[in-house]
Amino acid sequence: MKTETLNKVAVAVVVAAVVVAAAALVMAVRLSDRPDETRVLRLIDERLAETQRGAAPLDEARVIALIEERLPGTKSAALSDRALDARIEKGIVTFVEKQQRAERERPNRLAQAARPVGKDDHIRGNPNAPVALIEYSDFECPFCKRFHATAKQVVNESNGQVKWIYRHFPIDELHSKARKEAAASECAAELGGNEAFWKFADRFYELTPSNNRTDTDTVLPQIAREIGLDAKQFAACLASGRHDRRIEADRQNAVNSGGNGTPWSIIVSKRGKQYPLSGAQPYAAVKQLVDLALREK
Amino acid sequence: MKRYLHCLRIASGLVFARASYVAAAALLALVALLLALWLPNLGLIVDVFGSTDVPFTAKLNLALSLLGGIATNFSALSAAYTVAIAVLFGVNAAMSVYSFNRKRAAASSPIAIGAGGLASGLLGIGCAACGSLIGGTAAAFVGGAGALAVLPLKGAEFGLLSVALLAVSLGFVSRNIAESAICPAASTGAPDRREPAVTNRST
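As you go down the protein sequences, you meet chains C and U in turn.
Number 4 in my numbering belongs to position 16 of the first sequence; there are no gaps in the numbering.
When you read off a place in the second sequence, starting at 1, and then add 16, the result is the number in my numbering.
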């Protein structure tokens, strides 16, 4: 084959790839199943266009048949023109409202497996807050360290509207020490309660350099001492491995809910609508999602 | 290296003397950068933008606020190569189109290398967050994040490779454009006597 032909083929392949990528994006948007008024109006326009083309005249009998199909139980034959119009309008409004309701209640497909907040969770802020920020985190991840400060700011400035739930998502392949540190935080919670857990987490992120460079033998007992835990009990708890199952359950839940990197967060509204957020996104982005969740009545 | 820069200077002088190519390169670089920053949260963006309940300003604010992720969700290295990939992609594409328009045939090697660079860049993008996103998804087929763990830079290699491939691709495209001007042909080292259409614009 000539070079020129090969070149043309290469160009065609690249163009085809771009077209396929664009088509995939369009398909993704369409597959998001978002019903809206535009779609309904388009359907109506299509029907009108069909009628104008003479393909299927929208005579009274057909309108009545459509109403009876859409609004079962309606005695169409007895309707006047005005009542007929009112029925059609009502049918359209009902349809649109139904679709909008379905849209509001539709849980996000990316984050539908997040475990509901329970009494065993570590909660910061008002436990009765309408919005929950569920964070799946790895103590050795530098981005989790960064996001810890962001989440703290969100809760502190929310006036009791946001609660922060901390769950474990140790990425063992990258951070071999993270699971032990997660266990240490659970031991802090066991010995000192919810407050001790958060003191441990705050202090840990303050003291440690991330990326598996923490000297756990020194730092973990030091933090336990600083936050007032019994050193012997803390060491015994850490050695027992009794929190391993919980940490693994958290990790599994993170993966099932769509997480494949840390930090992985899900913002949940009072009605259960979930907004998944990947990475250490800035305060403005988290705040925007919190505001969206708060808008839901 | 000297010849590379020389050809690049001539080619960019020829291509970017036209405002349309500058605009195309800038637009493509911007699109690439936006994609890189939004890709980890594309599902969220599609969901929010598809919702009829969310006001347009809130949708826009969310999309814009996620751009701040370059400061919080990227290391200095990954932010640097992400921007570099976007710029190189834009410049590469604009120069390839220019070359194609002039010769009515594009060279396959720079396009193939450029496409490889872009694909490699896609793998590198997610590596900003721990465990990677895009790279992690691909790596899941070969053992999850463990595949990244064996790499010394934990996946940033993909981004750096991407920059290198796009730079090589740019070199090829530049040479193709500039060889009709004053750059000597690679095989003989003899100067090509053909004059460039707008040589004076290159300086």
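No lab work stands behind these hints, which were simulated from the structure alone.
Mixed in with the good hints there might be a few duds.
Not close to chain C: a few residues of chain U, all C-beta gaps over 12 angstroms, as computed [claimed, not checked]:
| hint | residue |
| --- | --- |
| 1 | 17 |
| 2 | 22 |
| 3 | 25 |
| 4 | 35 |
| 5 | 42 |
| 6 | 43 |
| 7 | 71 |
| 8 | 86 |
| 9 | 90 |
| 10 | 96 |
| 11 | 100 |
| 12 | 166 |
| 13 | 177 |
| 14 | 180 |
| 15 | 187 |
Now the stretches of chain C that chain U is said to cover, found in silico as 3 or more residues with beta-carbon under 8 angstroms [claimed, not checked]:
| hint | stretch |
| --- | --- |
| 16 | 131 to 141 |
| 17 | 263 to 272 |
None of these values were measured; they are calculated from a predicted model.
For glycine and all other residues, C-beta sits at the position ideal for the given N, C-alpha and C.
Checklist entry - Checking C-beta pairs, does the stretch 263 to 272 of chain C have three or more residues closer than 8 angstroms to chain U? => result holds (count 9)
Item to check | Non-interface claim for residue 17 of chain U, where every Cβ of chain C lies beyond 12 angstroms | outcome: Correct as stated: the minimum Cβ-Cβ distance to chain C is 27 angstroms, above 12 angstroms.
Checklist entry - residue 35 of chain U clear of chain C by more than 12 angstroms, beta carbon to beta carbon? => result 23 angstroms, holds
Checklist entry - Non-interface claim for residue 71 of chain U: all C-beta distances to chain C beyond 12 angstroms? => result 9 angstroms, violated
Next on the checklist: Verify this for me: three or more residues of the stretch 131 to 141 of chain C with a beta carbon less than 8 angstroms from a beta carbon of chain U.
Outcome noted: holds (count 5)
Checklist entry - Can we trust that residue 166 of chain U is non-interface, i.e. its beta-carbon lies farther than 12 angstroms from all of chain C? => result 9 angstroms, violated
Checklist entry - Beyond 12 angstroms from every Cβ of chain C: is that where the Cβ of residue 25 of chain U lies? => result 25 angstroms, holds
Next on the checklist: If we take the beta carbon of residue 43 of chain U, is the closest beta carbon in chain C still more than 12 angstroms away?
Outcome noted: 14 angstroms, holds
Next on the checklist: Checking a non-interface call: every C-beta of chain C should be farther than 12 angstroms from the C-beta of residue 187 of chain U. Is that right?
Outcome noted: 17 angstroms, holds
Item to check | Assertion that residue 180 of chain U lies outside the chain C interface [Cβ separation over 12 angstroms] | outcome: 20 angstroms, holds
Item to check | Least C-beta distance from residue 86 of chain U to chain C larger than 12 angstroms | outcome: 9 angstroms, violated
Checklist entry - Far enough from chain C: is every CB of that chain over 12 angstroms from the CB of residue 96 of chain U? => result 16 angstroms, holds
Taken one by one, the earlier hints fail for this structure at numbers 7, 8, 9, 12, listed in ascending order.
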